[in-house]
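**Q** All the letters of the sequence shown, read from the start, carry residue numbers 0 to 146 under numbering that gives the first Met the number 0.
Just so you know, these hints were derived from the structure itself, not from any lab. Honestly, I wouldn't trust all of these hints.
Using 20 Å as the maximum straight-line C-alpha spacing, the simulated EDC-like pairs for lysine to aspartate or glutamate come out as follows [to be verified]:
(1) K130 - D9
(2) K30 - E129
(3) K130 - E80
(4) K130 - D107
(5) K30 - E80
(6) K32 - D65
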Amino acid sequence: MYTHILVPLDGSPLAEQILPHVRALAEVGSKPKITLLRAVPREYPDIVEGETTNNVVDPMTRLLSDARSYLERTAALLRSEGLAVAVAVLVRQPSDAIVEFANREQVDLIAIATHGRGGVGRLVFGSVTEKIMHLTPAPMLVVRPQV
């Protein structure tokens, strides 16, 4: 049914609630390639508060390393279930990174959990899922997590 499923994750337990649905889809038909994607925005401070300049590691380097480690741990769990999983970390705004990757890699499906913000939260933070829906031709599986 699907050959390549893109699963954007932000490191939160809410975002990870998409994973059981991805597992279920992977069991139907041929096993698709699953790519776990983490987007790291550039807007992070240059210095980590409370650290001396002798001990400061470039914050972006640390964020990228942490993002990759998180995705690799998550991928290892899925691989242990026999799934084909790749990971990708992009330095971009999440919606832009997801759409760019989906278009470039020609994914068949974007599977994502929405944080389900409404009202003021949506106004202030925006909806990554909504932006993706407007920018990509790829079909989407959107799950509202249980809180």
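**Q** Taking the hints in turn, state whether each one holds.
**A** Each hint tested on the structure:
no. : hint        : in the structure
1   : K130 - D9   : holds, 16 Å
2   : K30 - E129  : violated, 28 Å
3   : K130 - E80  : violated, 32 Å
4   : K130 - D107 : holds, 18 Å
5   : K30 - E80   : holds, 11 Å
6   : K32 - D65   : violated, 23 Å
Figure legend: structure checked against the earlier numbered hints; hints not met, in rising order: 2, 3 and 6.
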